[in-house]
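Use these hints to put chains B and C onto chain A, whose structure you have.
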Amino acid sequence: MHKPATLFLILLLFFCAIPSSSYGEASRRIISLAPNITEILFSLGLGDRIIGVTTFCDYPEEARKKPKVGGMWNPSLEAILNLKPDLVAVSTNGNHKEFEERLRSMGIKTYIFTARRLSELPRDLREAGQAFGAGQRAEVLAQEIEATLSRFKKPAPLRKKRVFFIVWPDPLVAAGPGTLIDDVLNLLGAENVAGKARVSYPKYSIEELLRQAPDIIVIGDMREGIQKMSEGLLKRLKSVPAVKNNKVFYIGDDLYRLGPRTPKGIEDLSRLLGDKP
Amino acid sequence: MSSACKHAILDMQGVSFSYTGAAPFVKDLGLTVCEGEFIGLLGANGSGKSTILKLGSGILKPAAGSVSLWGKPLRAYANKDRAKLISYLPQTIDISVPFTVAEVVGMGLYPYDVRPSMTVAEALTLVGLEDKRNSYLSDLSGGEQRRVFIAMTLLQGAGLLLLDEPLANLDIRYQVEIVRLLKQLNKERSISVVIALHDINIALQFEKVVLIQPGSILGVGTPEEILTEERIRHAFGVDVKIIRQPGGKAYISYESNFSRPDKEPGTPVAG
Amino acid sequence: MKLKIFFVIVIFFFSFGLSLFWGPSVINPFNLDETSREILLSIRAPRSVVALLMGMALGASGAVLQGILRNPLADPYVLGISSGASLAAALGILAGASVFGAVTVPLFAFAGAIATGAVVGMMGWNRGVIWPERLLLAGVGLSFLFSALLMLIMSISADEGLRRAILWIFGDLSMSDWTRVPYGLVLVAGGLAIPIVRARALNALVLGDEFAHSLGFSPGKERLLLFVSVGFLTAASVSLGGMIGFIGLLVPHIMRFMVGSDNRYLVPVSALSGGALLCFADLISKSILPPMELPAGIVTAIIGAPYFLFLLRRKNVLSL
Numbered sequence: 001m002h003k004p005a006t007l008f009l010i011l012l013l014f015f016c017a018i019p020s021s022s023y024g025e026a027s028r029r030i031i032s033l034a035p036n037i038t039e040i041l042f043s044l045g046l047g048d049r050i051i052g053v054t055t056f057c058d059y060p061e062e063a064r065k066k067p068k069v070g071g072m073w074n075p076s077l078e079a080i081l082n083l084k085p086d087l088v089a090v091s092t093n094g095n096h097k098e099f100e101e102r103l104r105s106m107g108i109k110t111y112i113f114t115a116r117r118l119s120e121l122p123r124d125l126r127e128a129g130q131a132f133g134a135g136q137r138a139e140v141l142a143q144e145i146e147a148t149l150s151r152f153k154k155p156a157p158l159r160k161k162r163v164f165f166i167v168w169p170d171p172l173v174a175a176g177p178g179t180l181i182d183d184v185l186n187l188l189g190a191e192n193v194a195g196k197a198r199v200s201y202p203k204y205s206i207e208e209l210l211r212q213a214p215d216i217i218v219i220g221d222m223r224e225g226i227q228k229m230s231e232g233l234l235k236r237l238k239s240v241p242a243v244k245n246n247k248v249f250y251i252g253d254d255l256y257r258l259g260p261r262t263p264k265g266i267e268d269l270s271r272l273l274g275d276k277p
Numbered sequence: 001m002s003s004a005c006k007h008a009i010l011d012m013q014g015v016s017f018s019y020t021g022a023a024p025f026v027k028d029l030g031l032t033v034c035e036g037e038f039i040g041l042l043g044a045n046g047s048g049k050s051t052i053l054k055l056g057s058g059i060l061k062p063a064a065g066s067v068s069l070w071g072k073p074l075r076a077y078a079n080k081d082r083a084k085l086i087s088y089l090p091q092t093i094d095i096s097v098p099f100t101v102a103e104v105v106g107m108g109l110y111p112y113d114v115r116p117s118m119t120v121a122e123a124l125t126l127v128g129l130e131d132k133r134n135s136y137l138s139d140l141s142g143g144e145q146r147r148v149f150i151a152m153t154l155l156q157g158a159g160l161l162l163l164d165e166p167l168a169n170l171d172i173r174y175q176v177e178i179v180r181l182l183k184q185l186n187k188e189r190s191i192s193v194v195i196a197l198h199d200i201n202i203a204l205q206f207e208k209v210v211l212i213q214p215g216s217i218l219g220v221g222t223p224e225e226i227l228t229e230e231r232i233r234h235a236f237g238v239d240v241k242i243i244r245q246p247g248g249k250a251y252i253s254y255e256s257n258f259s260r261p262d263k264e265p266g267t268p269v270a271g
Numbered sequence: 001m002k003l004k005i006f007f008v009i010v011i012f013f014f015s016f017g018l019s020l021f022w023g024p025s026v027i028n029p030f031n032l033d034e035t036s037r038e039i040l041l042s043i044r045a046p047r048s049v050v051a052l053l054m055g056m057a058l059g060a061s062g063a064v065l066q067g068i069l070r071n072p073l074a075d076p077y078v079l080g081i082s083s084g085a086s087l088a089a090a091l092g093i094l095a096g097a098s099v100f101g102a103v104t105v106p107l108f109a110f111a112g113a114i115a116t117g118a119v120v121g122m123m124g125w126n127r128g129v130i131w132p133e134r135l136l137l138a139g140v141g142l143s144f145l146f147s148a149l150l151m152l153i154m155s156i157s158a159d160e161g162l163r164r165a166i167l168w169i170f171g172d173l174s175m176s177d178w179t180r181v182p183y184g185l186v187l188v189a190g191g192l193a194i195p196i197v198r199a200r201a202l203n204a205l206v207l208g209d210e211f212a213h214s215l216g217f218s219p220g221k222e223r224l225l226l227f228v229s230v231g232f233l234t235a236a237s238v239s240l241g242g243m244i245g246f247i248g249l250l251v252p253h254i255m256r257f258m259v260g261s262d263n264r265y266l267v268p269v270s271a272l273s274g275g276a277l278l279c280f281a282d283l284i285s286k287s288i289l290p291p292m293e294l295p296a297g298i299v300t301a302i303i304g305a306p307y308f309l310f311l312l313r314r315k316n317v318l319s320l
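Residue numbers (the working numbering), protein chains in the order written: chain A, 1 to 277; chain B, 1 to 271; chain C, 1 to 320.
So that you can see chain A by itself, here it is in the shape it has in the complex (with noise of 0.2 Å):
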C-alpha cells in the first residue's frame, strides 16, 4: 500500500520541481494550436521545431506546409498524439481550457499564452522566449513592440476621429471592445465607433451605424471576396461621412493576431488613418 502512494508522491514533486523555464528549452516537438502562436514561435525561430499546426495557421508560408491537428476550437487529440510532440502551446484566447487539461492528463506538456490585450503582448513575448531557450530574438521582438507602441502614445493629430473597424460586412459584423482592433484605435487616439458594444465581435446594427455616422470605415480583408462583399453594406451607408468623403480602407489581416505582425499592423493602420507619428 505504501510503496505505490510513496511513488506517486515523490512523481508528483519531481514533475512539480522541473522549473518552467527549462522544459521549453529541451523541446523539439511542439504543437501551435493558435495562429498567433505559431506567428510568435516561427519568429522566434522554432519554425524547424514546430510539427504540428490548426487548420487556421497560414502564415508565414512555412507554416501551410505543417501537419494540420485541427482547428482551433475542435483539435483532434488522436492527431496530436501520433504526432508525439514534447510541448503542446495553447493560447487562452480561442483555444479550450478543458482541451489543454486533457492533454496534461495525458502526459502532454503544454505551454499556455495568456496575452488577449496589446499591453500584454511584449510581456507574453519575453517569458515565451525564455520558456524556449530563444530569449534574445523575443527580447528584440519586445522591444520592437514596446517602441512602436511608446512611439504612438504620443499625441496625435488623429484624435478624436471615429473610426469604424468592420471584421465582416454581410451580415455586418464589427471589432468591438476587447479585441486587438479595439487596443490600436485606442493607441492611435481613435474612437472606436463599435467601443461600446457589449460583445468583441458584435453584429452591428446598420442604422445605428448611419446615426454614429463615422469619419473612417476600415475593412479587414482577410479573405478574398470581401471587398465585393462590402459593395452593398458600402451602398447601403453611403450618407456616412466616411463613405461621402471617400474614406473607406481596406487593411490585412495583420491586426487579427496578437504576435510579430502587429507592429506592421498598427503602422499600416495609422498610414491609413492620414497619421503621421
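You can trust all of the hints, since none of them are fake.
Here are the computed lysine-lysine pairs in the DSS-like style, where the Cα-Cα straight-line distance is at most 30 Å:
#1 B:K54 x C:K221
#2 B:K208 x B:K54
#3 B:K61 x B:K208
#4 C:K221 x B:K80
#5 B:K183 x B:K84
#6 B:K61 x C:K221
#7 B:K84 x B:K6
#8 A:K196 x A:K160
#9 A:K238 x A:K161
#10 B:K84 x C:K221
#11 A:K153 x A:K196
#12 C:K221 x B:K72
#13 B:K84 x B:K61
#14 B:K208 x B:K249
#15 A:K244 x A:K161
Don't read these hints as lab results, they were simulated from the structure. Remember, predicted model here, so these are calculated numbers, not experimental data.
What follows is chains B and C alone, placed relative to chain A:
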C-alpha cells in the same frame, strides 16, 4: 344478379380488383343497389366489405368490370357531380383536429357552388344534434360523431350512402340509434343506404342482406334466405345456431367449442 | 370569429408601423431629419417588409403542411426542405459563386429548397398518390442527411467566410433591402393563393383522403398542389432571411386555438400572425441591446414558446 329493379342507383358488374397486382382480391363481383334500398353488407373481417364500398364509390378503380351510377359509368362523372349523388363514409375518420360540429357538417356543402336549400342547423336537427353545433367533434361520443357525419351527408344531398362499419366500436344502444336514424332517413327522404357490418345479429334485423366471403358474394336476399347456418359457417368460419322466435325475430348463438379452432372463413362447406 | 380575424389584421399592421418608428432609436415621422429619413426608408422599411413576408411564408406553410400531412409536428423544416436550402447556400458560398450578384445566395437556397421538395415528394410518392407518412419520414431522413453534410462542410472548412453562412442559416434579417422584396412578394403571393383557393380541399384532406374523395376532391392532386405551395413558401422564407424556427411549427397551433381549424381562416390568419410575430421579434432583437443585434429566431422563440405552452395548459383542446 343483373339489375332486377326499375331504378338501379349503383350497378357493379363483373368487377375485379387487386391491391397487389397479383391474384385478384375481388373477383367478378356483381352487386346492384336499387333506389330506396337499405342493405346490410355482411362479412368477416378482411372479407372485402370496405373494398367493395370503395369500388362502388370510386375511391378504388376496378381492374376489370363496370361500375355505373344512375346508368352512367361512375368514372364519367366529374368529382363534384359524383359527390352530390353518392357519399362514402370511411370506418375511421381522423377527428383529433379541433373541428367543430358545424364546421364538419358544413363540409357537406363543398361540392356545391350554389348553396342548396338545407342548412347546417336543419341537418343537425334531423340527426338530433341541434344543441351540439359549436362543440368540438372530439368532445362527442362515438355515436354522436357518427351522426355528425351522417348530417354532413344530408347537406351533401347524396341519394346513396355507403357506410363502412358505422356501428363498429359503438355499444348496443348507439348501434340501435344509428340504424334507427338511417332507417328513418331511408323512409322519409328515400335515401338508399348500404351499411358494411360484421355483426350477424344486427344483419338478421335487416330486410336485405348481402353476405360476403373473401372476395365474392355468397348470397343476396332476405336474412331468412341468406343467413343460413351453413353460409355463416362458410363466411365466418364458425359454427353458429340460428334461433328464430315466433314473432319473426332471429338471433344466433355461437356453437363452436372455445377450446377447438374453427375453420378458416371461405373454406368450402363440408359435405 | 370576425372580431378575432380583425384583431389579427390590426396586430399585423400595428407591428409593421411600430417596427418603422420604434427601434434602437425612436423616429418621429413628423420631424424627420436627413438621417432619420434614410433610416426609415432604406433600412427599416425594407427590413420590416421582409420580416412580414418571411413570417407570413413561415406561418402559412406550417399550417398547410400540418394539414396535408395530418401531423402536428410538420413544418417546413421537418420536411428537410430548409436544410436542403441551407446546404445549397453553404455550397454556393464555398464555391464563391457570384454569377447573379446580390441574390446569389438566396438563389442557391431557393434552388436547394425546390430540389429537396421534389426529392422528398418523389420519395413520398407511391402508386400514384403522396403518402403522408412516407413523405414525413423521407423529409426527416433527408433533413438529417443534409444537416450532417452541412456540419461536415463546416467542420472541414477553415474558411471563416462560412461564418456568414452560419449566421444566415440561423436566420438573419439585418441585411434586408428592397432587392429582396420583389421575389419575396411573388413567392409569398403565389404560395398563399393556392391554399386560400383550395382551403375546402385542405379541410377535407385533414379528415382523411377517402373522406375528401367522398366530398368530390381528388386527394392526390390536391395534396400535390398544396405541396407545391409549401415549396413556394419555404423557398420564400429561406431565401428572405435564412432559417428561423418556431413560427412554422407553432403559430398555426396558436391560431387553431384562436380561430379554429377551418383552413379558410386558419391559413390567412397564420400567415398574418406569423408575419406580425417575426416583425415584432425582429424589432425586439435589434432594439434590446443597441448597437448590437440578436438573431431574430431567438426572440421569436422566447416570445412565442411560453405563450404556446400557456395555451396548451389552459385550453384543453387537442390540436391536430
